[in-house]
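Enquirer: Listed here are the chains, written in short residue letters.
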Amino acid sequence: MSGHTALIEARNVWKTYGDQVVLERLDLSIAEGEFCAVVGASGCGKTTFLRMLLGEEPPDRGQILFDGTPLHMEPDAGRSIVFQRYSVFPHLTVLGNVLLGLELRQSPLLGRLFGGARRYARGKALEMLAQVGLDHAQHRYPSELSGGMQQRLALAQSLIVQPRLLLLDEPFGALDPGIRADMHKLVAALWREHRLTVLMITHDLKEGFALGTRLFVFDKVRVDPQAPGAYGSRVTYDLPLKRPEDRALSAAVPALAMA
Amino acid sequence: MKRLINLQPSRLSAMMLALLPFVLVFFAYVATSNARLEANPNDKLLPAMTSFGEAMERMALTPSKRSGELLFWRDSASSLRRLATGVGVSAVLGLVIGVTLGALPLLAAGLSPFVASLSLIPPMAILPILFIVFGLGELSKVVLIVFGIAPVIARDIQGRVREIPRQLIVKAQTLGANTWVVILRVVLPLALPRLIDAVRLTLGSAWLFLIAAEAIAATDGLGYRIFLVRRYLAMDVILPYVLWITLLAYAMDRGLRLLGRRLFPWQAVSA
Amino acid sequence: MLDTLVNRRHRGFTLLLLCALATLLVSGSASAAEAKKKFKVAWTIYAGWMPWDYGENSGIVKKWADKYGIEIEVVQLNDYVESINQYTAGGFDGCVMTNMDALTIPAAGGVDSTALIVGDFSNGNDGVILKKADKLEAIKGQSVNLVELSVSHYLLARGLESAGLAEKDVTVVNTSDADIVSAAATDDVTAIVTWNPQLGEILKTPGTHKVFDSSQIPGEIIDLMVVNTATLAANPDFGKALVGAWYEILAVMQKDDDAGKAARSAMAKASGTDLAGYDSQLKTTRMFWTPADAVAFTQSADLPKTMAHVAKFSFAHGLLGEGAGSAEFIGMGFPGGVVSGDKGNLKLRFDDTYMKMAADQKL
Chain A
3 MSGHTALIEA
13 RNVWKTYGDQ
23 VVLERLDLSI
33 AEGEFCAVVG
43 ASGCGKTTFL
53 RMLLGEEPPD
63 RGQILFDGTP
73 LHMEPDAGRS
83 IVFQRYSVFP
93 HLTVLGNVLL
103 GLELRQSPLL
113 GRLFGGARRY
123 ARGKALEMLA
133 QVGLDHAQHR
143 YPSELSGGMQ
153 QRLALAQSLI
163 VQPRLLLLDE
173 PFGALDPGIR
183 ADMHKLVAAL
193 WREHRLTVLM
203 ITHDLKEGFA
213 LGTRLFVFDK
223 VRVDPQAPGA
233 YGSRVTYDLP
243 LKRPEDRALS
253 AAVPALAMA
Chain B
27 MKRLINLQPS
37 RLSAMMLALL
47 PFVLVFFAYV
57 ATSNARLEAN
67 PNDKLLPAMT
77 SFGEAMERMA
87 LTPSKRSGEL
97 LFWRDSASSL
107 RRLATGVGVS
117 AVLGLVIGVT
127 LGALPLLAAG
137 LSPFVASLSL
147 IPPMAILPIL
157 FIVFGLGELS
167 KVVLIVFGIA
177 PVIARDIQGR
187 VREIPRQLIV
197 KAQTLGANTW
207 VVILRVVLPL
217 ALPRLIDAVR
227 LTLGSAWLFL
237 IAAEAIAATD
247 GLGYRIFLVR
257 RYLAMDVILP
267 YVLWITLLAY
277 AMDRGLRLLG
287 RRLFPWQAVS
297 A
Chain C
136 MLDTLVNRRH
146 RGFTLLLLCA
156 LATLLVSGSA
166 SAAEAKKKFK
176 VAWTIYAGWM
186 PWDYGENSGI
196 VKKWADKYGI
206 EIEVVQLNDY
216 VESINQYTAG
226 GFDGCVMTNM
236 DALTIPAAGG
246 VDSTALIVGD
256 FSNGNDGVIL
266 KKADKLEAIK
276 GQSVNLVELS
286 VSHYLLARGL
296 ESAGLAEKDV
306 TVVNTSDADI
316 VSAAATDDVT
326 AIVTWNPQLG
336 EILKTPGTHK
346 VFDSSQIPGE
356 IIDLMVVNTA
366 TLAANPDFGK
376 ALVGAWYEIL
386 AVMQKDDDAG
396 KAARSAMAKA
406 SGTDLAGYDS
416 QLKTTRMFWT
426 PADAVAFTQS
436 ADLPKTMAHV
446 AKFSFAHGLL
456 GEGAGSAEFI
466 GMGFPGGVVS
476 GDKGNLKLRF
486 DDTYMKMAAD
496 QKL
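The listed protein sequences derive, respectively, from chains A, B and C. Per the working numbering, residue 3 is the first one in the first sequence, and the count goes up by one each step. Per the working numbering, residue 27 is the first one in the second sequence, and the count goes up by one each step. Per the working numbering, residue 136 is the first one in the third sequence, and the count goes up by one each step.
Hints are supplied without guarantee of correctness; some may be wrong.
[Claimed, not checked] With a straight-line cut-off of 27 Å between C-alpha atoms, the simulated DSSO-like cross-links for lysine-lysine are:
#1 LYS171/C with LYS497/C
#2 LYS175/C with LYS91/B
#3 LYS418/C with LYS339/C
#4 LYS440/C with LYS91/B
#5 LYS91/B with LYS275/C
#6 LYS345/C with LYS390/C
#7 LYS447/C with LYS202/C
#8 LYS491/C with LYS345/C
#9 LYS91/B with LYS173/C
#10 LYS270/C with LYS202/C
Calculated from the structure, these hints are not laboratory results. Source: prediction; values computed, not measured.
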């Protein structure tokens, strides 16, 4: 129904905290099915932008459209998120964490499913766990899992609700390099399989190139050395990448290696 | 020789060190008691160990002359019933108030200072009001305990709820939960282990309020007995009762800790 | 290796500590039967004991102590039972208390005690209050709030006896004297036994009736200055000074002149009321204003009878201790060599020697 319009469209978005301008005149548009990586120096406002997309933070000026209508300014089931930490619920088992998405949505009174509905949800959850390779650990608690396994679980938990938009907030920042590579493969596979629209924040430029179909660079175009907070960031580069696997392109923008 | 700060006791010596103060107090007691009894065989302040045995046999095993009941068990049952009711009501109230205030900033803005002030009122100071409102019966004893510890538990739970990472609350909402379900499925279960800890920490106060309440007006109970026989300095009854209360309190503390581990296995692992 | 070293050291240390502790406690608790110069007596607030406060503040006690070359410290305690317990444990040489408490606490606790001064008896200061009726008989079946095992309890027992009832006809609820006024204000409390000033306070509430009081059992609830018998024997000057001071205080306060009023006003203030309030409390307290008066009461044949009553009540309530096989377990001595109960276990003595000295102006 909305294949031809942008899923996310930010128009002239501004955000200030006190006299600190974080974002100014930010414009961008993301089409359904894109895998967008957002990179930038710390403090460039990429996390602020993510919080806006989640609905946690309203823009001061400008507009963000979600599927053509103004974005709902409160987290809801249309947008799922995987944080760097605290994405999974410590009091639930692996299976319970994935089930939760189905339960919370379908049972507004108790937040639990029973009987046949539960069996069906359980089946779907186990299927999801198998896709991220956690089916063997379904009865364990998150505290018994490694960091990589916890993030796999977080992905499974987010995807089971079939979000229109998947937000990733430096999801692999705390992982070892080897495990990070495995996770990249997994995310790329999930993206293709579920036809996801992804927006991933990362401070790792290579990761952005490795996964994204598109790369945004957030940076300030004006800098006042006397008042560092006087100007905000916007999208300074918007690079379409042919294939997520196509690393040759990274050589084309050596100037970006400042992050 | 290693520095004192680096000396670690072995298992055995740790046990011996732990026993030492008890043994010390025991011997000091026996020595002092003997000396006093030598000067006055009827001394009641520090009775001999045999007197404790006789007193407890009388209280726990011999039906009382007046009512035909075993006073010690009746006292224990009454006190434990009051304590359990008071602590139970406090836990439920504290949990509900604490979770609500912790999870809903709008309510917290209105009620948090009130609950904080409430928790600072010394309940003993407003006893006459409690009496007149709740009467002199069982209710006022339970209310005294509730008044004394529920606000403390509520504040503790509220603090714990505030510590829940914001990410988890956002996450639950992205999974489609409404306010009620977020509280029910995320906030409440994460606050429950703290409830056990809060109850453990307030149990001492609860005993204090219970015994105070029983000292003021009662017909039975451990506190009642202690304050009653204090009138004729029957330390042979008082000291075993005190020991018994200590044991009960210790058992409850251990029991709650075990219960916490059993009920919340996800917590024990992360520790 | 290190560990055993630490342990061994601890063991020696423990032994050392233990010995030190034991010696400390033993030396501290040894009761003094030897002659000494410094004495401590305790008192608590009650109409008949307020003179001690005045005696301390006006310097009368010090004057008499100086006369005999000793020091007497008069200490006020907040808690009545605690003051008697302290005395029994050896913390004080003397303490004010009622005849019943003298029997059940120090005497039953093996501390040989002497009633040095018989100060007064309650003549309406203790009473039974009913809310819904004006006859004592109506108390049957009710819960009665009172300080259990105190003189209130004794008064109730005597009252029930006079009405042909027994204790099993009522339910006794132990209620702290500090909270009995607020307790009485609640609806579910319908029967109370207490003493002044709480008694007067509760009777101010409309609908309350005093159905029995201590004036109906005159001379049975007696207020005493009790001292340790051994201390007194070794230090007669201690007794002389206390008795001398007491009757000088009474002489000042019983007059209706300015000095008397000033003294009573001071006592009133210290007990939380005013002159009129204190005077009305004194009306229900039968003070023995002169030593002769007190001596006569102490020598009367009624006193042993009263004490036999008290002993019977105390025994029935287990107040004489577990070793007591009968109400006569504790021996009590009265003037003229009269002894009741077990002569071998004489622990409470009513001694008129010193009051007689005062009466004969030999102090």
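Enquirer: The structure should be examined with respect to each hint, and the outcome stated for every one.
Expert: Cross-check of the supplied hints:
1. LYS171/C with LYS497/C: holds, 22 Å
2. LYS175/C with LYS91/B: violated, 40 Å
3. LYS418/C with LYS339/C: Given that 27 Å is the threshold and the Cα spacing comes to 17 Å, the pair holds.
4. LYS440/C with LYS91/B: holds, 26 Å
5. LYS91/B with LYS275/C: Measuring from Cα to Cα gives roughly 21 Å; hence the hint holds.
6. LYS345/C with LYS390/C: Roughly 30 Å between the alpha carbons, so the hint for LYS345/C and LYS390/C is violated.
7. LYS447/C with LYS202/C: violated, 42 Å
8. LYS491/C with LYS345/C: Given that 27 Å is the threshold and the Cα spacing comes to 37 Å, the pair is violated.
9. LYS91/B with LYS173/C: violated, 45 Å
10. LYS270/C with LYS202/C: violated, 53 Å
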